[in-house]
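Enquirer: As given, the protein sequences belong to chains A and B, one line each in that order. All residue numbers for the first sequence refer to the working numbering, where the first residue is 1 and numbers rise by one. All residue numbers for the second sequence refer to the working numbering, where the first residue is 1001 and numbers rise by one.
Check each hint, because a few of them may be wrong.
[To be verified] Pulled a few chain A residues facing chain B out of the computed Cβ check, cut under 10 Å: (1) T41; (2) P87; (3) L90; (4) L93.
Just so you know, these hints were derived from the structure itself, not from any lab. These figures come from a predicted structure and were not determined experimentally. We put the CB at the ideal spot given by N, CA and C, even for glycine.
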Amino acid sequence: MRPTRDLLRRAVEAAGITILLAAGIAFCLSSGPILLEPPATMLSHADRAMRAQEPFLLYLRDLDRRLPPGATLAVLSPQSAADLIGPSYLLPLGQLPRQVVVPPALLRDPSALPPRYVAAYQSAFHDARYRLVSSTADGQLWELASPATPREGSR
Amino acid sequence: MTGIVFVATLVLLPVLGWGLVPRRAAAWLPVPAGIAVAAGLGAVVVAVEMFAMSALGIRWTVLRVAALPLVLTVVRLAQTRRSERRSWPRAAPLALVAMGIGMLVTTYAALTTRSTNADLLLFWGAKAQRFAAARGIDVPYLADPLHWALHSDYPPLLPCLWAFSSLAAANFAWGASLATLPVFAGFLVLAVWGLARLDGDDGVAARSAAVMAAFIACTFPAAGVAGNADPVLVFFEATALFILLFAADRPGATLIAGAFLAACVLTKFEGVFFVAGLLGASLLVPRRTRIRDTAIMAALPAAALSAWFVYCRSHGLLMYLGHPPRLYLSAERLGAVIRRLTAGASYGVAYAPWIVVFLLLCVTRAPRERWTLALGTAAVTLVADALVYLTAPGDPTLWVQWSGARLLLTPLVCLYAAAISEPGGAAALSRSSGDRTRSTASAAPAA
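So here's chain A without its partners, still in its complex pose:
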């Protein structure tokens, strides 16, 4: 009996391994053709919802190069109106480690010191305290007009 059961077990193992590996390969192929060059960002081939954030990630990467270390900054995005300190705040927080990212909600708090910069990614921004520094298709960068009062970087 034992050799027969061993054979059956080996057959099930072989079939199972084949099915599981085929499923893994199919998953890789389902998210685009096989590529050997490194992806542009961590989201280049992620699922559709995350991939939609890739331009924002590239925008943040560019901001990191342009802004001085230690500068305080609020990043506005199409999502940030509804999502005050959720992903739309956490994403810049992680991607701009050299700057001090504050939640956009602080801009509406009259008792809070305003950040030195406001980056408006695909969203409108107007505040008499800020002057436009640069504008691209993706967004605008604003700087506090009076440099004496920006919120100090605490990190």
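Take the given structure of chain A and dock chain B to it, following the hints.
Expert: Using the frame of chain A, we list chain B on its own:
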């Protein structure tokens, strides 16, 4: 270069943990399992040291963190006699090919960002990067009310481990952090390969490892775990379980399993459910030393979680740990959770991992105590997975949709452990014919 150094520190974890493998366990651990166990202990010692240094106000440097484990490894190597050095188990070419394809698929999916988890960007990466910059657990950063979504009291093992890699690489490497998935998946395959060899011949051990590699390739990328803590957690969970399945009576095994369980609770809160399930199931196993062994295994995770709790409490970081979870139970909510979990369980391949493991279980004749241990743990973690979503006061649907497939990896890997826990090959035949002589890889006497 930053990415290469970052990944190298993870790949070289066995070097840091080698000196911590109990000497009496090193005598019976087959080489692949020895590497995996050393990797796990290396990760534990790095994280525990970094946690302790933060508690004592000592700034992290690579040298300060790595010095003690490296010295222990050098001492161990110096004490190891040439006759104690062990050989690698042989494997049939087909099993090796299956293992290779499984690891290749997993690595490809992770490094080409097909399996990226959003929590890497929102949570794990941000924390690790910040800890590395602060050269310690950054309490003011975690305690900032604006950072509540970073979960101030979430277990610190992965951010510490990545902070260590960041210190070595001089920066946090976002892309390279995705390689944590294939690295720890590789350690898990090695653990299965070596530990299965203790109770089977070379062929059985290699086939078991191939099954595990295929399981990982099918489920981990589809669950989107690259950059999350789940690959690390499942490695610790599954290795602890395999140690108890294949080596529970061997000297030093209980201590290693306890250290891995401590790592589970320091990696994710969900690790607590696994530890509770495994300890509960191990009490049901009819073994003479079950109470003593369970007490030893429980002591380490209890100490680890208590230490983290005290640290968080004394630094004002308590969030989830500050109050007992409350269940918002209703038939409607439970139904919604079960429906979404069931959807996540398909892994996009029509439940293939569940069907395969069911068929494997049908042709497996493992000893009853092994099934009690593996299936009991699977049952507890499955129920816990459903209940954890009911602790949210709001609609849990999105939460389950987001993480259900990841959480189900734990009960699923327990089922695979049960399915490959049958003593097999020459070792089983020799036992069944009355020959009690152990195979060459399992030559050390039981405790």
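Enquirer: Now look at each hint and say whether the structure bears it out.
Expert: Evaluated hints:
A cut of 10 Å between beta carbons decides the hint on T41 of chain A: the least distance to chain B is about 7 Å, and the hint holds. The beta carbon of P87 of chain A comes within 6 Å of a beta carbon in chain B, closer than 10 Å, and the hint placing it at the interface holds. Taken as an interface hint, L90 of chain A checks out: its beta carbon lies about 4 Å from the nearest beta carbon of chain B, inside 10 Å. A least Cβ separation of about 6 Å between L93 of chain A and chain B falls short of the 10 Å threshold, and the interface hint therefore holds.
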